[in-house]
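Novice: Listed here are the chains, written in short residue letters.
Number of protein chains: 2
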Amino acid sequence: MSLKVPSLDLLSHELSKLPGIGAKTAYRLALSILKKKEADIEALRSALKAIKENVKLCRDCFSYTENLEVCSFCEDTERAQSPLLCVVKSPSDINKIESSGVFKGLYHVLHGTISPLDGVGPQDLKISELLNRVKLLRDKGLSEVVIALDANIDGDTTTLYLKELLEEENIKVSRLAHGVPLGSYIDFVDQRTVGRALENRIKI
Amino acid sequence: MSLKVPSLDLLSHELSKLPGIGAKTAYRLALSILKKKEADIEALRSALKAIKENVKLCRDCFSYTENLEVCSFCEDTERAQSPLLCVVKSPSDINKIESSGVFKGLYHVLHGTISPLDGVGPQDLKISELLNRVKLLRDKGLSEVVIALDANIDGDTTTLYLKELLEEENIKVSRLAHGVPLGSYIDFVDQRTVGRALENRIKI
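Residue numbers (numbering that gives the first Met the number 0), protein chains in the order written: chain F, 0 to 203; chain B, 0 to 203.
One or more hints might be untrue.
If several chains are the same, the list does not tell them apart, and a pair holds so long as it fits within one copy or across any two.
What the hints assert, rightly or not - Quick list of in silico lysine to any residue cross-link-like pairs, SDA-like style, CA-CA up to 25 angstroms:
1. Lys162 / Val133
2. Lys3 / Ser81
3. Lys202 / Pro18
4. Lys35 / Thr24
5. Lys16 / Val54
6. Lys171 / Leu33
7. Lys16 / Ser1
8. Lys171 / Glu13
9. Lys16 / Val172
10. Lys134 / Ile201
11. Lys3 / Lys55
12. Lys34 / Ile201
13. Lys95 / Ser173
Source of the hints: derived by calculation from the structure; they are not laboratory data.
Isolated chain F, as found in the complex (with noise of 0.2 angstroms):
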């Protein structure tokens, strides 16, 4: 059910093609949009541009940079002389691991995981580029290699071919913990979860 008005027709079909945006709910953005002020309008449509036009990926980690060849991360000369390269599969998995402020060293974004279902192979990501970087990087004082990909098939299966890859290269490889989450109750924590949490259980 529309009011058969093709531009906020259009408007509400192409705001829900983003991801999380179902039909309702774009219509109502694409009426809210229609009650702003053209300013306020054109400062969107601006940003919208601008993304396209300034962001790009850094030479070097190949997460999002702006106006430089490198992001502000391999820029921070501190991180460069890190013995930790932590490997992920988004940019904005950068963001969730700098906020738990445990990790203090490089990173370098992969831009999706081995997935045969979905035809992604190795030859689609950044990882020959890895390899030329973390050869670089030894010489530098990198040490360890942390692999953060997510615990799922896909995220293991990569997991598992970088650490091949990377063991070649004599150079220690790890990946984040498996286990209950912080907060959590047990009952509410998968069996494999709680399984994987008991084979690595800690002494205390």
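Add chain B to chain F, keeping to what the hints say.
Specialist: For chain B alone, kept in the frame of chain F given last:
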């Protein structure tokens, strides 16, 4: 926490001004837009431009219309002869009423309700336009105005205000029935609604 990419932060900021889009959702949307093809972003940008350029208020009912002076409801010759006119707060309410399939008359959009706390008085709404329209339509067979405003203080205030004005014009005035929503449990309905449903009980 952000990736320190200004264009990404800007787009995220603009998106977060939309209703129901919080900071986290806005950032997620901005990241997903960054991954889109340029043509897809351009489609969204032109839809945003078109909506403000093409969509106007209907000359008669003040709902939205495009290309024409009057909206599709006012243009409908069958509706134009209807004895019923339904008063709503905003164009999106027309959608809801249309989806019920029960109403086949004309609409009139007030673009708000009287709200002394928000400084909205009768002069800020399309009320004088409603009165002029009712006078005109009465000669074409209009006999009843159905007021379909929200069931809250502002809606009720506006309903009473319109009732007095319209009764001076010798027109029948009605409003939506209050009662237990279909499909709901008595236990989940608030006591004021149950009280109203008891007072307005219907012989079966």
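Novice: Now, for every hint given, state plainly whether the structure supports it.
Specialist: Against the structure, the hints come out as follows:
1. Taking the shortest Cα distances, lysine 162 and valine 133 sit within 25 angstroms of each other inside one copy (13 angstroms), while across copies they are farther apart (77 angstroms).
2. In this assembly of identical chains, the alpha carbons of lysine 3 and serine 81 lie at most 25 angstroms apart only when taken from different copies (20 angstroms versus 59 angstroms within one copy).
3. Taking the closest pair of Cα atoms, lysine 202 and proline 18 never come within 25 angstroms of each other, the shortest separation being 43 angstroms inside a single copy and 49 angstroms across copies.
4. For the identical chains of this complex, lysine 35 and threonine 24 are neighbours both inside a copy (17 angstroms) and across copies (20 angstroms), given an alpha-carbon limit of 25 angstroms.
5. In this assembly of identical chains, the alpha carbons of lysine 16 and valine 54 lie at most 25 angstroms apart whether taken from the same copy (21 angstroms) or from different copies (22 angstroms).
6. Taking identical chains as interchangeable, the C-alpha atoms of lysine 171 and leucine 33 are never at most 25 angstroms apart, the minima being 56 angstroms within one chain and 34 angstroms between chains.
7. In this assembly of identical chains, the alpha carbons of lysine 16 and serine 1 lie at most 25 angstroms apart whether taken from the same copy (18 angstroms) or from different copies (24 angstroms).
8. Proximity of lysine 171 and glutamate 13 under a CA criterion of 25 angstroms is satisfied in neither setting, with 46 angstroms inside one chain copy and 43 angstroms between copies.
9. Taking the shortest alpha-carbon separations for lysine 16 and valine 172, neither the intra-copy value of 39 angstroms nor the inter-copy value of 43 angstroms comes in at or below 25 angstroms.
10. Taking the shortest Cα distances, lysine 134 and isoleucine 201 never come within 25 angstroms of each other, neither inside one copy (34 angstroms) nor across copies (82 angstroms).
11. Proximity of lysine 3 and lysine 55 under a CA criterion of 25 angstroms is satisfied inter-copy only: 13 angstroms between copies versus 40 angstroms inside one chain copy.
12. Taking the shortest Cα distances, lysine 34 and isoleucine 201 never come within 25 angstroms of each other, neither inside one copy (58 angstroms) nor across copies (41 angstroms).
13. Only within a single protomer do lysine 95 and serine 173 lie at most 25 angstroms apart by alpha-carbon distance; the minimum there is 18 angstroms, versus 55 angstroms between protomers.
The structure fails to meet hints 3, 6, 8, 9, 10 and 12 from the earlier list, while all remaining hints are met.
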